[in-house]
Amino acid sequence: MTGKNACPTKSNFMIPLNHYLLLSAFLFSCGVLGVVVRRNAIVVFMCIELMLNAVNLSLIAFSSYLGDATGQMLVFFVMVVAAAEAAVGLAIIISLFRNKQTVNVDELNILKW
Amino acid sequence: MNLYEIVFYFFAIVTVGSAAVVVFSRNIIYSAFSLLFTFFGVAGLYVLLNADFLAVTQLLIYVGGILVLLLFGVMLTSNTISVELKTGTLHILPATILVALLVGLLTATFWTADWFMSKRASDIAAQTTSKEIGDALVTTHLLPFEIASIILLVAIVGAAMMARRENPKSQIPI
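Residue numbers (our numbering), protein chains in the order written: chain A, 15 to 127; chain B, 61 to 234.
Think of the hints as simulated: they come from the structure by calculation, not from any bench.
One thing to keep in mind: the hints can contain errors.
Covered by chain A, according to a simulated footprint, are these stretches of chain B (three or more residues, beta-carbon under 8 Å) [unchecked claim]:
id: 1; region: 73-87
id: 2; region: 124-137
id: 3; region: 162-169
id: 4; region: 209-220
Just a few of them, taken from the derived set where beta-carbon distance is under 7 Å, the chain A residues facing chain B [claimed, not checked]:
id: 5; residue: I29
id: 6; residue: L31
id: 7; residue: A39
id: 8; residue: V50
id: 9; residue: Q86
id: 10; residue: M87
id: 11; residue: V94
id: 12; residue: A97
id: 13; residue: V117
C-beta atoms are modelled at their ideal positions from N, C-alpha and C, and glycine is treated no differently.
Excised from the complex, chain A in its bound form (with noise of 0.2 Å):
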């Protein structure tokens, strides 16, 4: 059976889990191309977020059409780990900000040897 008859026709989910997967999959695609791609660290920042969003996304997804709420634990916990790494992360760049009067990547090879 393929994916695109998974959906069981009973069910209330009158949307496949398949395309809550492929939007969290462009979604988590896109925040890679950021990060690899953009040259401001703010804006690296906003990708990670992005990916994280598609990693919660999908998580959800999974966890009601299963019928199991442990998915969504597993999302409240991403989203504390989340929070950690912005406010952490903000401070890391401003402080590099305050040195180097540069938020750019490729500018930013202090700790290269």
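Based on the hints, put chain B in the right spot on chain A.
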């Protein structure tokens, strides 16, 4: 095409379109504000998936916290000498190949896999999950919950310590 599908595709288009703007916009302010629409779209999809608690949490944490933090980061790191909010790109060709491979792999996997569908899925669809999450947080997932609180405390202290301006005339050594 019923209302559920219309709402799903609306939120999907909003999410995908604004995510593309986040990545491809040359102006960092446009990126930050289209990230707002991405978060709203994802929150709407959470509501469609009956994850009401997480939809509200998404709005509170991402829109109310992280996005405001990012905007403050944009303001604090914009160079006042050369007002250059436009930012360039790096390594377009290898990045495009890498991401195209990633998209192909993920799409093929998600599209061809035969996903397990629970019999309970239609039962759980009608009810919300706030009570289940609340029960699980204080019973089976109590230890991760406490560790999460410690992570947040450490992150707050560490961020404040790193981001503060060191005063050379300060008497207290840091």
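Tested hints:
For the region 73-87 of chain B, the stated coverage by chain A is satisfied: 6 residues place a CB nearer than 8 Å to a CB of that chain, which reaches the threshold of 3. For the region 124-137 of chain B, the proposed coverage by chain A is satisfied: 9 residues have a C-beta within less than 8 Å of a C-beta in that chain, meeting the threshold of three. Figure legend: the region 162-169 of chain B, annotated as covered by chain A; annotation consistent (4 residues with Cβ-Cβ distances under 8 Å, at least 3 required). With a cut-off of 8 Å between beta carbons, the region 209-220 of chain B has 8 residues touching chain A; three or more are needed, and the interface restraint holds.
About 5 Å separates the beta-carbon of A/I29 from the nearest beta-carbon of chain B, less than 7 Å, and the hint is met. The beta carbon of A/L31 comes within 5 Å of a beta carbon in chain B, closer than 7 Å, and the hint placing it at the interface holds. At a threshold of 7 Å, the smallest CB-CB gap from A/A39 to chain B is about 4 Å, leaving the interface hint in force. Look at A/V50: its Cβ gets to within about 4 Å of chain B, closer than 7 Å, so that hint holds up.
Against a cut-off of 7 Å between C-beta atoms, the interface hint on A/Q86 holds, since the closest Cβ of chain B lies about 6 Å away. A hinted interface residue such as A/M87 counts as satisfied when its beta carbon comes closer than 7 Å to some beta carbon of chain B; here the least separation is about 5 Å, so the hint holds. A cut of 7 Å between beta carbons decides the hint on A/V94: the least distance to chain B is about 4 Å, and the hint holds. Among the interface hints, the one on A/A97 holds; its C-beta lies about 6 Å from the nearest C-beta in chain B, closer than the 7 Å criterion.
Of the supplied interface hints, the one on A/V117 holds, with its beta-carbon coming within about 5 Å of a beta-carbon of chain B, less than 7 Å.
The structure shown violates none of the earlier numbered hints.
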